[in-house]
Structures are given as structure tokens and as C-alpha cells.
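Trainee: Below are the chains, spelled out letter by letter.
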Amino acid sequence: MRRRWSWFQFALVTSFTALAAFMSLPILFIVNHAFKPQNELFLFPPQFLVQNPTLRNFELLFLHASNATVPFTRYLFNSVLVAALALAGVILVSTMAAYALGKYRFHFKGFILSLITLSLMFAPETVGIPRYLIISGLGMNDTYFGHLLPLLASPVAVFLLIGFVSQIPDELLEAAKIDGASHLTIFSRIVIPLSAPAIATISILTFQTVWGDIETSTLFMQEETMRTLAFYVNSLLSGLQNSVAGQNMAAAAGLLMFLPNLIIFLIFQKRVLETMVHSGIK
Amino acid sequence: MNAGLATHRTTTSRGARVRRKTTLFIRQLRRDLFCYLFLAPFLICFLAFIIIPVFMAALLGFTSYDGFSGLRFIGIDNYIALFTQDIIFLTKAIPNTVFFALLVGPGGYLLAFAFAWLIHQLPLRIRDYYTLAFYAPSMAGGVALSVVWIAAFSGDRVGYVNNFLLSMGWIESPVIWLQDPKHLMNIMILVSLWISFSVGFLAMLAGLQTVNKELYEAGRIDGISSRLQEVFYITLPSMKPQMLFSAVMSIVGTLKAGSISVQLTGMPISPSYSGHLIINHIDDYAFIRFELGYASAVSVVLLLLSYFAMRFAYRLFGEKEETRA
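So the sequence lines, in the order shown, correspond to chains A and B.
If you count the first sequence from 1, position 3 lands on 3 in the UniProt record's numbering, and the numbers rise without skipping.
If you count the second sequence from 1, position 126 lands on 126 in the UniProt record's numbering, and the numbers rise without skipping.
Keep in mind that the hints were calculated from the coordinates and are not lab data.
Just so you know, not all the hints are guaranteed correct.
From the derived model, a few chain A residues whose C-beta atoms are all more than 10 Å from chain B [to be verified]:
| # | residue |
| --- | --- |
| 1 | L55 |
| 2 | S94 |
| 3 | A181 |
With the C-beta cut set under 10 Å, the calculated list includes, among others, these residues of chain A facing chain B [stated by the list, open to error]:
| # | residue |
| --- | --- |
| 4 | M23 |
| 5 | F77 |
| 6 | L138 |
Glycine included, every Cβ here is placed at the ideal spot set by N, Cα and C.
Chain A with its partners taken away, still in its complex shape:
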């Protein structure tokens, strides 16, 4: 059901657009910044719009990247592979956990739930050393498992999904069970489709975390060929921080790292809005 346009919506849209424009300044800046020639990069206060757009920044970045010992495409391949696997893994693992925690009662459930809640405060950077010990104890240094497995434990995703899964009516699951559906069928045919908005939301979140993550590359990967794009860009930038030429590359790299986030956000956020609009289940 869609409401007709009213004066309320009209006033809302106008004032809203102004505020939204202000909120989206960072995106505007990142995009414009990447195309600025050197003399514009150093203006203060920064200019949001580029005056004389140029592709020089990207040229410099690729020139620099082609001189590196490990080809640029290798970092890109690692990043894409890890991001894709982590996304699929987090969705599957978290939804499964949320299905059990959100719909059934069993021993230790309360304990597990409170551990999950508490671990939302968890910040990976504070426990770098113990994590390193565990990864190397399991012999996962320099493997893709070292990238993936720490990311699979995502209490935020599970916590969000529990909320959505618990809203699926019990009657629906009971009906499916009476019709002879196994837990796997219920899970794949009912739970996953009905929690699609939450899955889309955690996908956005997970992709952002994985794509920008440098911790696993820094701590668990000793071989350069196993490291990700985020790590490469980060080390490139920190090495060039004080040089004037570095700012050009930093601007271009900033855009390149930001674009995938933006694309994933647009794709998945659309899913959030589309899936639930026509289904009146609850």
C-alpha cells in the first residue's frame, strides 16, 4: 500500500533533501578528490568540487603499482576471493546459528546468548597477540583460512539475525514440520527467504569490514602474495604520507577502495527494500 502525496510528504522531501545533501558531502568529496590536480589537492579549507579534472592520479597509482614486487592483480584477486567467501560464509553460518538461537530452546542457550551480547563490545585490535597465537597454533598462517575463519565469527550478524528470525511466526514452522519438512528444508525454504532484509543488511556490513580489513593481512600473513588490496593500499599510503606525490596516489586509491563499498551498498540495500514490500507475513 502506498500513501498518496500529501503536504506532509512534500515538506518532508524538501527539508530532507537539504539535510541529505549535507550528509552525503563525504561521498562527493571522495569522488571529486580523486580527480584533482596537485595544486587543488592541497587547498585549505578543502574544495568539494574539482575545477580541472585529471586522470593523472590514477596514472601515478598504476605506475607505482606496476613496479611492485607482487603484481597489483594478485592483491585484487586475494581481496575479491576473501570478500566473496567471507560474505557467503558469514551469511550461512550466522543464519544457521540465528535459526537455532531464535526459534528453539535448549541447554546453554541463555549462556551462549549472553556471550554473544557481551562480545559485541569486542574490538579485534585489542586481542591481536592471542589471536596470532591461535592462528599459528592451528597452522593457518599464509592460508586463506587465516583470512576467513576469524571473520566468520560475527556476533553482530548473529545478534541482528536472531531478532529477525524470532519474528517468523511459529505457526509457519509448525505447518512446514507437519508437511514433513526437515530442519534443513525449513531453514533453506522459510528462514532464509524471510530474513532477507537482515541478510542484506549484514552483507553490507560484512563486506565493509572484510574489504577494509588489514588486520588479518598484517598479523597472520607473512607472505606478500597472500595479502589483500586493503593492506597494499594502506602500506602504500603510510609509506608516502609525508611526500607530496603520495597525496595524488592516496586520493586515487581512496576512491578505488571506496567504490566497491558503495556498489555493494546500493545492490543490497535495494534488496532490503524490495523483499518485504509485498509479503505480509508476521
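Add chain B to chain A, keeping to what the hints say.
Mentor: Relative to chain A, chain B alone:
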């Protein structure tokens, strides 16, 4: 779905009772086996990469450790020192964090809900663009902070705010916004509110989608006249899990905040500790003074603090069944 019901029986023999309870327990475990199987992949990673490392780090709180020489076990001395001698912690970090969290937590939460709801009122086609605009500061991260706010509050006369105030004649000389202890906290709060449209905001938007549209029709028939009533009687009760989620996320977000003062001032410790939060205190001891044992003790205190704040959020939004279970 009615698993886990403990049966209480009075038996004369204690051994028999224990045995019966054990067999019942094992039978229940076996009946719920699929639950554990569904949980297993998550739980294994969760234990290995979060719980055990955190536990190991928490143990450090009982030691004196500088990262180089050996560990020295000192019992609860760190905690005693923290609550009796650490003046900065007691007079700056705690009050600052409480003040900051009380304003930014509920403030950002209400803002996120208000704007999620407003966006939800928009026609479907353009909703995405508004969502993107509001989510942009969280997505862009540190870049956003430095280009918008540092430039705005720059202490010289070209900073946007100073420039505006000077040209209007409201101030006579530029205000050093970010280095002045009087202003820093307020600016930190303003900036944090600006980036508070993060994952909780997205969850609320998704939650709004799941509210059954027929409820609104039913509500109108039952005499709901204004949109405000709709929000309170239909929207909010229908999206309790999402409200709980974002409440917890905003508690976590505000208590974990600490990088804002660092990014705004460019210094690890803010001028005369005016923006000093508990996280800054932890970073100070861990990465500047290398007293890792003491820093762990402070982290444990912060963790407990956040746990109690979350219990409070559960009281507000938790489902009735969950509190009983």
C-alpha cells in the same frame, strides 16, 4: 519448541536422582542435537577467535606486563590502583565517558529512528538515495571526519565556522575550536551524532519493512488518528528486536568511541584531558606507556560497564519470553 523444561521430582535416593537427571539431560541434548549442529560452525569460530583471545587478554589484567620482559602476577593490584589512585581515570575518563555516552547514545538512537521512519515515509523509488546519503558518513569513515569537520572547525580564520562567524561580526578573533578544552567535548558530541546513522540505522530501516501493513489498516479502523499514535502503538511494538539491536549497537558504539578526539585534535591525548574517554585511557596505557596489564584491567572494567548498560536495554526492549528463558 518446548525443550529444556526441567522436571522436578522428589526422590529419596540422591544418587538415583542425579542419575535420572543426567540421563534426562543427555536425552534432551540428543533431542536438540540439530540445534547444536546448526550452531556448531559459528560457535567454533566464535570460541576460537573471540572468546578465548578475550579471556587470555582479560587474564593479563591480573599481571604487570610491559610487552618485553616477563609476566609478573600481581593479583588485583591493578584494579585497586585503578579505583583509588588513578586520578585521570576517576576525574576525567569516567565523567567524560558517562556524559558523552548519555548524550550520544540516546540522542543518536532517537535521531536514527526518526530519520529511518521519515525515510520510510518516502516513495519507494527514492528511498535508496536518502538511505545512502545518511549512511554516507559511516561508510566513508575517517575521511569524512577530516574533510568536513576538521575543515569546518579549523582554528584559523579560513575554517568554515570561524569564517562565517567573523563575517557576521559575531566574534572578533578566530576561535580555536579543537584545541580549546571548553569546546572539544561539544564538537565531539556533534560529530558523533553525525556519524550515528550506522548499522543500527540500517537495521531499523529493514525492521520498518517487516511491519505488517494490515496492522495500519486495522489500527485506523480501531481509531488511531495521528501518525504519532501509529508509531507508538503499531510500528514500535512490531519492530522490538530491531530496536533492541540498535539500542545495543549504540551502547557499544558510544562506549567504544575514542578515536574521534584523536582524529579531531590529531593528538593521542586531548588538551587537558577534555575529550578523554575510557578507550583513550586504555590506548594511553597500552600503546604509549606499555603497561599492558593495567590497560587490560581498564578494558575489563569497560566491558562490565557495557554489560550493565546492555542489561538495561534488554529490560526496555527484550521480548517477554526471553527474560523468562
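Trainee: Is the nearest Cβ of chain B still more than 10 Å from the Cβ of A/S94?
Mentor: violated, 6 Å
Trainee: Any CB of chain B closer than 10 Å to the CB of A/L138?
Mentor: It holds, given that the least Cβ distance between A/L138 and chain B is near 8 Å, below 10 Å.
Trainee: Checking hints one by one. Is A/F77 an interface residue toward chain B, by the C-beta closer than 10 Å rule?
Mentor: Since chain B brings no Cβ nearer than about 24 Å to A/F77, farther than 10 Å, the hint is violated.
Trainee: Would you assess whether A/A181, listed as outside the interface, keeps its beta-carbon beyond 10 Å of every beta-carbon in chain B?
Mentor: holds, 13 Å
Trainee: Per the stated criterion, does the least C-beta distance between A/L55 and chain B lie above 10 Å, as a non-interface residue requires?
Mentor: holds, 21 Å
Trainee: Minimum Cβ distance from A/M23 to chain B below 10 Å?
Mentor: holds, 5 Å
In this structure, the earlier hints numbered 2 and 5 are contradicted, and the remaining ones agree with it.
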